[in-house]
Every structure is written in structure tokens, then in C-alpha cells.
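J.: Sequence:
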Amino acid sequence: MSFLNEWLKNFKFKIFNSMNTLLIRPLKPALQAIAVQELNEVPQRVVDDVETLRDWVLKQPHLRGCTEHQFLLAFLRGTKFSLERAKHKYDRFYTLQASIPEVFNERRLATDSLALDIVRSSILLRVPQHEEDTGPCVTIIRAGSYDTGKYKFQDIIRVGSMFGEIMMFEDENATISGYVEIMDMKGITGTHLFALQPELLRKFSTYADEAMPTRQKAIHFINVPPAFEAGFNTLKSFFPAKIKSRISVSSQPDAIFNLVSPDYLPAEYGGTHGVMADISHAMESKLTAYAQYFLDSQHFGCDEKLRDVDSRPQDKCSTFGAVGSFRKLEID
Numbered sequence: 001m002s003f004l005n006e007w008l009k010n011f012k013f014k015i016f017n018s019m020n021t022l023l024i025r026p027l028k029p030a031l032q033a034i035a036v037q038e039l040n041e042v043p044q045r046v047v048d049d050v051e052t053l054r055d056w057v058l059k060q061p062h063l064r065g066c067t068e069h070q071f072l073l074a075f076l077r078g079t080k081f082s083l084e085r086a087k088h089k090y091d092r093f094y095t096l097q098a099s100i101p102e103v104f105n106e107r108r109l110a111t112d113s114l115a116l117d118i119v120r121s122s123i124l125l126r127v128p129q130h131e132e133d134t135g136p137c138v139t140i141i142r143a144g145s146y147d148t149g150k151y152k153f154q155d156i157i158r159v160g161s162m163f164g165e166i167m168m169f170e171d172e173n174a175t176i177s178g179y180v181e182i183m184d185m186k187g188i189t190g191t192h193l194f195a196l197q198p199e200l201l202r203k204f205s206t207y208a209d210e211a212m213p214t215r216q217k218a219i220h221f222i223n224v225p226p227a228f229e230a231g232f233n234t235l236k237s238f239f240p241a242k243i244k245s246r247i248s249v250s251s252q253p254d255a256i257f258n259l260v261s262p263d264y265l266p267a268e269y270g271g272t273h274g275v276m277a278d279i280s281h282a283m284e285s286k287l288t289a290y291a292q293y294f295l296d297s298q299h300f301g302c303d304e305k306l307r308d309v310d311s312r313p314q315d316k317c318s319t320f321g322a323v324g325s326f327r328k329l330e331i332d
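Those letters in the sequence shown? Residues 1 to 332, per the UniProt record's numbering, in order.
There's no promise every hint is true.
[Said to hold, decoys possible] With a straight-line Cα cutoff of 30 Å, these simulated DSBU-like cross-link-like pairs (lysine-lysine) come out:
| no. | residue 1 | residue 2 |
| --- | --- | --- |
| 1 | Lys152 | Lys89 |
| 2 | Lys186 | Lys89 |
| 3 | Lys87 | Lys244 |
| 4 | Lys87 | Lys152 |
| 5 | Lys186 | Lys80 |
| 6 | Lys80 | Lys286 |
| 7 | Lys236 | Lys59 |
| 8 | Lys89 | Lys150 |
| 9 | Lys59 | Lys28 |
| 10 | Lys244 | Lys59 |
| 11 | Lys242 | Lys80 |
| 12 | Lys286 | Lys305 |
| 13 | Lys244 | Lys305 |
| 14 | Lys244 | Lys152 |
| 15 | Lys89 | Lys286 |
| 16 | Lys150 | Lys28 |
Note that these hints are calculated values from the structure, not bench results. All values derive from a computational prediction rather than experimental measurement.
Make a model of the complete structure from these sequences and hints.
T.: Here it is, written out as C-alpha cells:
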């Protein structure tokens, strides 16, 4: 009888392991090599590593968040498979969201009319990549193209954050090689600069650095009017020190070609990869496909009242200036 019980136990374990393996997407050989060499990934151990992190998440009374395997794997890759750092980053992911209510609020839905308008307006462009690419993914933000009377800068950031989470689920280039942001300042006016909300920029940059598992490689400002370059040096002061070193500013219209091949760019940027409307249409379809996830995420968050006293963060003040600045999410 004991032999039968042991056999059943092993059989169930094998089935469980097999099912979980299917939930983690296999990497292309070139990206797998980078993950092994640069991120300490051990392919044979990935399922176990993800399950260990998932078990920890489920035991945290103060956290309610996504526990899908591919999502959790992004945190392990983003911390070079340090389990303790992955735990910390996952915790920060939901804790810091509560401190940025301008972005993480009830409008953060794939069905939100404002979000869909922003996507359709080509304000944000996720540059398509070829199958064989192993480099970072690229997003163009057309900061001077939006109507400040219709959208706030926080609305643009909100939609960008949604695509940032989609990257965690399905963009291995982002989770392994990182991402680059190109801020196109063509058409920028004083009204746009005033609308940038520097304090929000500082908070969200800190969130991106401390909590997002995808690694930000660079922020390139292009088409910056010469008269505004001095102002951008002031703007840089709002970024965390680590991010400041990744920022470049150029007034040259062709600076984008030093960053992205014309083969990847739409015709409006002098490229050969369709037009902006094509990219926006694909992005809208992608966002719509994640409608249920963003609906579910309305119930994700951190309830500090339920956090174990010994694990409470000691650096709230250093991160956002004041302990009271955290908006606690009440979890039903």
C-alpha cells in the first residue's frame, strides 16, 4: 500500500511539473544563451524557481497580486535569479503602485475610452522587432503630439505602464535584454513642458527602477528644440541618480537612426516598417487581449495593515519623501 501511495505521489508530481512547464514559454536559443550568461538562468531549474517564488507570494497576507508563471518569471530574470531580490521587487511592485494614484487607479482598464484614444492617436509606439532580434525592445513616446487640453501627462504614463506589464508577460527581449524609451519632442511647446508633472515623473521613474522587473537601458530625448535644452537639464534633476546616467538629449531630427534601424521604423520616421497607424492598430488589439487581466488587477495591491511587522519597509521616507504619502489599498 505504501508503494502505491508513493507511486501516486510521484505520478501527481510529474503531472504537476509537466503542466507548469507548459505555462512557461520556451526561449529562442540566442535569447536563452543571454539569459544563461547574463541573468544566471538555469533552464532545467526555471519551473522550480518560479514555483518557489509563487509559494512565497501566496503566503504573504498583505499582498494580492498576479501569480501567473510567466509574470513571476519576469521578476526572477529582472533580479538575475536572486530569490530574495525577486521577493523584494515583487513586493515593491504593488507597494509603490499605491503611492501613485494618478496612474494606478480605476481608469487603468483596457476598455477605458481615454486609454484607447491614446493608443489610437499613436502617442505611444511599441517598435516591432524581428524574430531573430536579441536586443532591447524600443518604445517611442511622441511627447509633443498630444492635446494637453484632452489628455494629462498622467494619462499617457498610465497607458505606458499597461504596456509595460504586457511586456512582462510576453516580451522576452524586454525581460532579458531590457528596454529603451525614445522621447520624441517634435512639436513640444511650453504647455507640454508644463504638463510633464515633474513630481509624477520622479515617482514613476523610481517605481520603474525599483519595482519593474524589466530593465530600463536608456531614455533618449530627440528633436529637442535648442531653446528647451537648458530646461531639460533642469528636468533631469527630478530623475533618480541611476536613471540620470541613462538619459541623452539631442536636437537633431535624424538622431533616432543612431538608436533604431530604419527597417523597424514607420514611414513617418523615415523608416520602411509600415505606418504609425499599423503599429497603433496592433497595440490596440494587444491591449484588448489583456482586458481581463487589467480588470483583475483592480483588486491587486498591498494592504499594509496585514503586513508582518518584521517585513515592513523601512525606506518609505527615502523613496517618496514621507511615510504618509503611501495610499494604502484596502483589499476586499
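J.: Each hint: holds or not?
T.: Quick rundown of the hints versus the structure:
Annotation: proposed proximity of lysine 152 to lysine 89 holds, straight-line Cα distance about 28 Å (limit 30 Å). Between the alpha carbons of lysine 186 and lysine 89 the distance comes to roughly 35 Å, so the proposed pair goes past 30 Å and is violated. Proximity of lysine 87 to lysine 244 is assessed by CA-CA distance (about 26 Å); at most 30 Å being required, the pair is judged to hold. Straight-line distance between C-alpha atoms of lysine 87 and lysine 152 comes to about 33 Å, which puts the hinted pair past the 30 Å bound.
Restraint check for lysine 186 and lysine 80: not satisfied, since their Cα atoms lie roughly 37 Å apart, outside the 30 Å limit. In summary, the hint linking lysine 80 to lysine 286 is supported, as the alpha carbons are separated by about 28 Å, within the 30 Å threshold. At most 30 Å may separate the alpha-carbon atoms for a hinted pair to count; lysine 236 and lysine 59 exceed this at roughly 40 Å. A C-alpha spacing of about 34 Å is found between lysine 89 and lysine 150, which places the hinted pair above 30 Å, so the restraint is violated.
For the hint pairing lysine 59 with lysine 28, the CA-to-CA distance comes to about 33 Å; that exceeds 30 Å, so the pair is violated. As the CA atoms of lysine 244 and lysine 59 are separated by approximately 37 Å, the hinted pair breaks the 30 Å bound. For a cut-off of 30 Å, the pair hint linking lysine 242 to lysine 80 stands: about 18 Å separates their Cα positions. Between lysine 286 and lysine 305 the alpha-carbon distance is near 36 Å, which puts this suggested pair outside the 30 Å criterion.
For the suggested pair lysine 244 and lysine 305, the alpha carbons sit about 35 Å apart, so the restraint of at most 30 Å is broken. With a CA separation close to 24 Å, the supplied pair lysine 244 and lysine 152 stays within the 30 Å bound. Only pairs whose Cα atoms come within 30 Å are accepted, and lysine 89 paired with lysine 286 is accepted, the gap being roughly 26 Å. Taking the CA atoms of lysine 150 and lysine 28, the gap is near 42 Å; set against the 30 Å cutoff, the hint is violated.
Consistency with the previously given hints fails for numbers 2, 4, 5, 7, 8, 9, 10, 12, 13, 16, ordered from lowest to highest.
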